[in-house]
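As they're listed, the protein sequences go chains F and B. Heads up, the first sequence is in this note's numbering, so the first residue is 3 and it goes up one at a time. Heads up, the second sequence is in this note's numbering, so the first residue is 17 and it goes up one at a time.
Derived by calculation from the structure, the hints in this document are not laboratory data. Among the clues, some could well be false.
[As the list claims (entries may be wrong)] In the DSS-like style, the derived pairs of lysine-lysine whose C-alpha atoms are separated by at most 25 angstroms in a straight line are:
(1) F:144 <-> F:235
(2) B:110 <-> F:294
(3) B:23 <-> F:201
(4) F:71 <-> F:235
(5) F:11 <-> B:176
(6) B:110 <-> F:298
(7) F:71 <-> F:49
(8) B:22 <-> F:201
(9) B:176 <-> B:304
(10) F:201 <-> F:298
(11) B:25 <-> F:201
(12) F:294 <-> F:201
(13) B:56 <-> F:144
[Said to hold, decoys possible] Each pair of labels, with its calculated beta carbon distance range:
(14) F:109 <-> B:112: 36 to 42 angstroms
(15) F:53 <-> B:71: 50 to 56 angstroms
(16) F:298 <-> B:112: 19 to 25 angstroms
(17) B:174 <-> F:263: 48 to 54 angstroms
(18) F:262 <-> B:183: 56 to 62 angstroms
[What the hints assert, rightly or not] Residues of chain F clear of chain B, computed beta-carbon distances all greater than 10 angstroms:
(19) 59
(20) 91
(21) 205
Keep in mind the model is a prediction, meaning the values are calculated, not measured. Ideal placement from N, C-alpha and C gives every residue a C-beta, glycine not left out.
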Amino acid sequence: MNKADRFRKETLGRSLVTLAGLFIILLTLTIGAFLVYRGSATFFVDKHNIFEFLFSSDWEPAQQGSGGKVGAAIFLVGSIFISGLALLIALPFSIAAAVFMTEISPNFGNMLLQPAIEIFVGIPSVVYGWVGLTVLVPWIAKVFSLAYGYSVLAGAIVLAVMIFPTITSVSADAIRSVPSEYREAAYSLGSTRWQMIYKVILPTAAPGILTGVVLGLARAFGEALAVSMVIGKMQAFPTSVLSPTTNLTAEITADMGNTTTGSEWNNAIWSMALLLFIISFLFILLIRLIGKVGNKTK
Amino acid sequence: MKNPEKKSKAADQFATGILYTVAGFFLFLLVAFTVYILIKGIATCRPEYLSFTGEGIGVQFFNTVYLVFLSLLISVPLGLAAGIYMAEYAGSGKMTYFLRICIETLASLPSIVVGLFGYLVFLVMTGAHWNLLAGALAVSILNLPSLTTVTQDALESLPKSLAEGSLGLGATHWQTIAGVLLPAAMPRIITGIVMAAGRSFGEAAALLFTSGMSSDVNFSNWNPLSPTSPLNVMRPADTLAVRIWALRTEGTEANAAQLSDLSSAVLILMVFVFSLGSRLLGNRLEQKMTGGRTEKEGNKKE
Numbered sequence: 003m004n005k006a007d008r009f010r011k012e013t014l015g016r017s018l019v020t021l022a023g024l025f026i027i028l029l030t031l032t033i034g035a036f037l038v039y040r041g042s043a044t045f046f047v048d049k050h051n052i053f054e055f056l057f058s059s060d061w062e063p064a065q066q067g068s069g070g071k072v073g074a075a076i077f078l079v080g081s082i083f084i085s086g087l088a089l090l091i092a093l094p095f096s097i098a099a100a101v102f103m104t105e106i107s108p109n110f111g112n113m114l115l116q117p118a119i120e121i122f123v124g125i126p127s128v129v130y131g132w133v134g135l136t137v138l139v140p141w142i143a144k145v146f147s148l149a150y151g152y153s154v155l156a157g158a159i160v161l162a163v164m165i166f167p168t169i170t171s172v173s174a175d176a177i178r179s180v181p182s183e184y185r186e187a188a189y190s191l192g193s194t195r196w197q198m199i200y201k202v203i204l205p206t207a208a209p210g211i212l213t214g215v216v217l218g219l220a221r222a223f224g225e226a227l228a229v230s231m232v233i234g235k236m237q238a239f240p241t242s243v244l245s246p247t248t249n250l251t252a253e254i255t256a257d258m259g260n261t262t263t264g265s266e267w268n269n270a271i272w273s274m275a276l277l278l279f280i281i282s283f284l285f286i287l288l289i290r291l292i293g294k295v296g297n298k299t300k
Numbered sequence: 017m018k019n020p021e022k023k024s025k026a027a028d029q030f031a032t033g034i035l036y037t038v039a040g041f042f043l044f045l046l047v048a049f050t051v052y053i054l055i056k057g058i059a060t061c062r063p064e065y066l067s068f069t070g071e072g073i074g075v076q077f078f079n080t081v082y083l084v085f086l087s088l089l090i091s092v093p094l095g096l097a098a099g100i101y102m103a104e105y106a107g108s109g110k111m112t113y114f115l116r117i118c119i120e121t122l123a124s125l126p127s128i129v130v131g132l133f134g135y136l137v138f139l140v141m142t143g144a145h146w147n148l149l150a151g152a153l154a155v156s157i158l159n160l161p162s163l164t165t166v167t168q169d170a171l172e173s174l175p176k177s178l179a180e181g182s183l184g185l186g187a188t189h190w191q192t193i194a195g196v197l198l199p200a201a202m203p204r205i206i207t208g209i210v211m212a213a214g215r216s217f218g219e220a221a222a223l224l225f226t227s228g229m230s231s232d233v234n235f236s237n238w239n240p241l242s243p244t245s246p247l248n249v250m251r252p253a254d255t256l257a258v259r260i261w262a263l264r265t266e267g268t269e270a271n272a273a274q275l276s277d278l279s280s281a282v283l284i285l286m287v288f289v290f291s292l293g294s295r296l297l298g299n300r301l302e303q304k305m306t307g308g309r310t311e312k313e314g315n316k317k318e
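Pulled out of the complex, with its shape left as it was, chain F reads as follows:
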């Protein structure tokens, strides 16, 4: 094969796809770099302490120049509280649904639950938010006799519905990959199906299920519109699951458009975006770690 031939038949295509791979690396690094550059201005330009940002609840950033207070603790606590509660609600249902579609009735699972999960995942988050706003919020107000139903609970329920398909499908994959010898061994020792499930299948699939949990948490943490439609956007720590509060993503969506580039307020919002980026990156590392530990125990 001469050189020109070789170029046309191999080198050109290979170079193009390699470039695409490099582009993805470049894109990720660019996004990270811009977030770090804009997000760190709070600390280097406006001279705020990182501990103030993370642990103080005094949030009065200046609209022009600097000199205000940028304690984002309320937003951070709001995000953690709502995502945590959402996980607590979604987890038992997710694992039960995953066990059902793999161990109890695979036929029914493949025919109905699998497509249902796909549709749940596909429903846009604003639609979840809109239904949460028009159905769930009034319902909560009525049931608990509150003036308004905007609450941590409303946000957590909406999020739970949104992350539940993610956790279910990842967990189902993990359960499916448990070797069938394990099931046969458990049955031959005389265990019932339920004993087999919770003593053999679930512990074996635990790393995979944990991966699903982390993925669900990551989605919950980064979800913006649906949550901010139902949590009331009140700048206060939640005192109970029924009190309104706010979170990182709600503050970003609400105020980004109102701030002038370079002002302290604008910088503080970029710092929140950077925080979200760092958290989602930590979730990725966590998943990698779980995968490694899971492989070792096998």
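We have chain F; now place chain B onto it with these hints.
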């Protein structure tokens, strides 16, 4: 001995009952949710809501389709190429490991963060006003990782003999990919593209600060360079999902709730269309590409 056995049998039945209940509840929730939205949307619908004016959602529907189309135009070639690289050329070195982490990081980026990045790079730094192209680029960033992964998975799940046959006939690695592997993997890749399109259809958070929350369009003007032409990519354009958000936060129209109901119904309908579409298309293509032969051959072997 008999008692514990009875107990575990009862526990087994109880647990099975619970699992059936959860599965049933799950399906009930989906049916109730979608039927509620569809009925409410249809019940409140009036002919003028479907029009291409400020009173209707026609413009937003057009914007959504156009924006998704543009974003696929950008992300599909890139995602395919990167997926081919990952499946066929990437070694097992540090660079590949890093690239994989990059893909996962992109995949887990909150869409609001992508929106902020798009706002900064495509609008603030270029000095442009809200525009469709910026929104399409932001959505492309969201689509890119899933398109890459789907291409990679589709290629990696092909039988080894396929590539070996082609290489054995003297084709280069690239010729094998372009002529043999990619066509064989196409059904799965196309399913992935349709699913990505479905997800982009309902995206809103990444668009709030990139393609904007309003549009000013004249549907009798099809010159793509005119600022009010529907085809102009440099005009602000709100999509259906963004419209719901905008109506909720700054809507002053009297029929804001009805328009949101209708938009939600349309979005849900599109979810069904895309979900069913990707399934049917996947099956159809699978049959066409393999001539329906793989299954028979598989049976023979067994």
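Right, here's what the structure says about each hint:
1. Between residue 144 (chain F) and residue 235 (chain F) the alpha-carbon distance is near 20 angstroms, which keeps this suggested pair within the 25 angstroms criterion.
2. With a C-alpha separation of about 16 angstroms, the suggested pairing of residue 110 (chain B) with residue 294 (chain F) holds against the 25 angstroms cut-off.
3. Annotation: proposed proximity of residue 23 (chain B) to residue 201 (chain F) holds, straight-line Cα distance about 16 angstroms (limit 25 angstroms).
4. Among the hinted pairs, residue 71 (chain F) with residue 235 (chain F) is consistent with the structure: their alpha-carbon atoms are about 19 angstroms apart, no more than 25 angstroms.
5. For the hint linking residue 11 (chain F) to residue 176 (chain B), the alpha-carbon distance of about 21 angstroms falls within 25 angstroms, and the restraint holds.
6. Annotation: proposed proximity of residue 110 (chain B) to residue 298 (chain F) holds, straight-line Cα distance about 21 angstroms (limit 25 angstroms).
7. Only pairs whose Cα atoms come within 25 angstroms are accepted, and residue 71 (chain F) paired with residue 49 (chain F) is accepted, the gap being roughly 11 angstroms.
8. Restraint check: the Cα-Cα separation between residue 22 (chain B) and residue 201 (chain F) comes to about 18 angstroms, which is no more than 25 angstroms; the hinted pair holds.
9. For the suggested pair residue 176 (chain B) and residue 304 (chain B), the alpha carbons sit about 21 angstroms apart, so the restraint of at most 25 angstroms is met.
10. Restraint check for residue 201 (chain F) and residue 298 (chain F): satisfied, since their Cα atoms lie roughly 20 angstroms apart, inside the 25 angstroms limit.
11. Between the alpha carbons of residue 25 (chain B) and residue 201 (chain F) the distance comes to roughly 15 angstroms, so the proposed pair stays at or under 25 angstroms and holds.
12. Of the supplied pair hints, the one linking residue 294 (chain F) and residue 201 (chain F) holds, its CA atoms being roughly 22 angstroms apart against a limit of 25 angstroms.
13. With a CA separation close to 21 angstroms, the supplied pair residue 56 (chain B) and residue 144 (chain F) stays within the 25 angstroms bound.
14. A hinted range of 36 to 42 angstroms holds for the C-beta pair residue 109 (chain F) and residue 112 (chain B), which are about 39 angstroms apart.
15. Against the hinted window of 50 to 56 angstroms, the Cβ-Cβ separation of residue 53 (chain F) and residue 71 (chain B) comes to about 52 angstroms, which satisfies the hint.
16. Between residue 298 (chain F) and residue 112 (chain B) the CB atoms are about 22 angstroms apart, so this pair conforms to the stated range of 19 to 25 angstroms.
17. Between residue 174 (chain B) and residue 263 (chain F) the CB atoms are about 49 angstroms apart, so this pair conforms to the stated range of 48 to 54 angstroms.
18. At roughly 60 angstroms, the beta carbons of residue 262 (chain F) and residue 183 (chain B) sit within the given window of 56 to 62 angstroms.
19. The beta carbon of residue 59 (chain F) sits about 22 angstroms from the closest Cβ of chain B, which is more than 10 angstroms, so the claim that it is off the interface holds.
20. Its beta-carbon lying about 13 angstroms from the closest one in chain B, residue 91 (chain F) satisfies the requirement of being farther than 10 angstroms from that chain.
21. Listed as a non-interface residue, residue 205 (chain F) keeps its Cβ farther than 10 angstroms from every Cβ of chain B; the least gap is roughly 16 angstroms.
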